[in-house]
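K.L.:
Sequence:
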Amino acid sequence: MNVFEFRNLLNSEDRKEKRKTFIRSLIKSVDTGANGTLDYIVKKGSGKNKIAKTRQ
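Per the working numbering, the very first residue in the sequence shown carries number 271; after that it's consecutive.
Careful, some of the hints might be misleading.
Only pairs whose alpha carbons sit at most 25 Å apart, straight line, appear in this in silico PhoX-like list of lysine-lysine [claimed, not checked]:
#1 K298 - K313
#2 K286 - K298
#3 K298 - K288
Note that these hints are calculated values from the structure, not bench results.
Could you build all of it, start to finish, from the sequences and the hints given here?
P.N.:
Listed below in structure tokens is the structure:
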């Protein structure tokens, strides 16, 4: 491997790392349980406003 190929290899690795960090910065974190997606709440009946343990 000559110096030219080695420099190209280093530059391509740098570009790959920059691309990876850029894509990671675009990913947004998600709130768990937002909009009722984590637990189900009973709306009617004797257990009203309680979290359901299992879905029925």
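K.L.:
With a cut-off of 25 Å on the C-alpha distance, tell me whether K286 and K298 pass.
P.N.:
Holds. K286 to K298 sits at ~21 Å (cutoff 25 Å).
K.L.:
Starting from K298, check that the Cα of K313 is at most 25 Å away, please.
P.N.:
Given pair K298, K313 is violated - Cα atoms ~32 Å apart, limit 25 Å.
K.L.:
So if I understand the rule, the pair passes when the alpha-carbon distance is 25 Å or less; does K298 with K288 pass?
P.N.:
holds (18 Å)
In this structure, only the earlier hint numbered 1 is contradicted, and the remaining ones agree with it.
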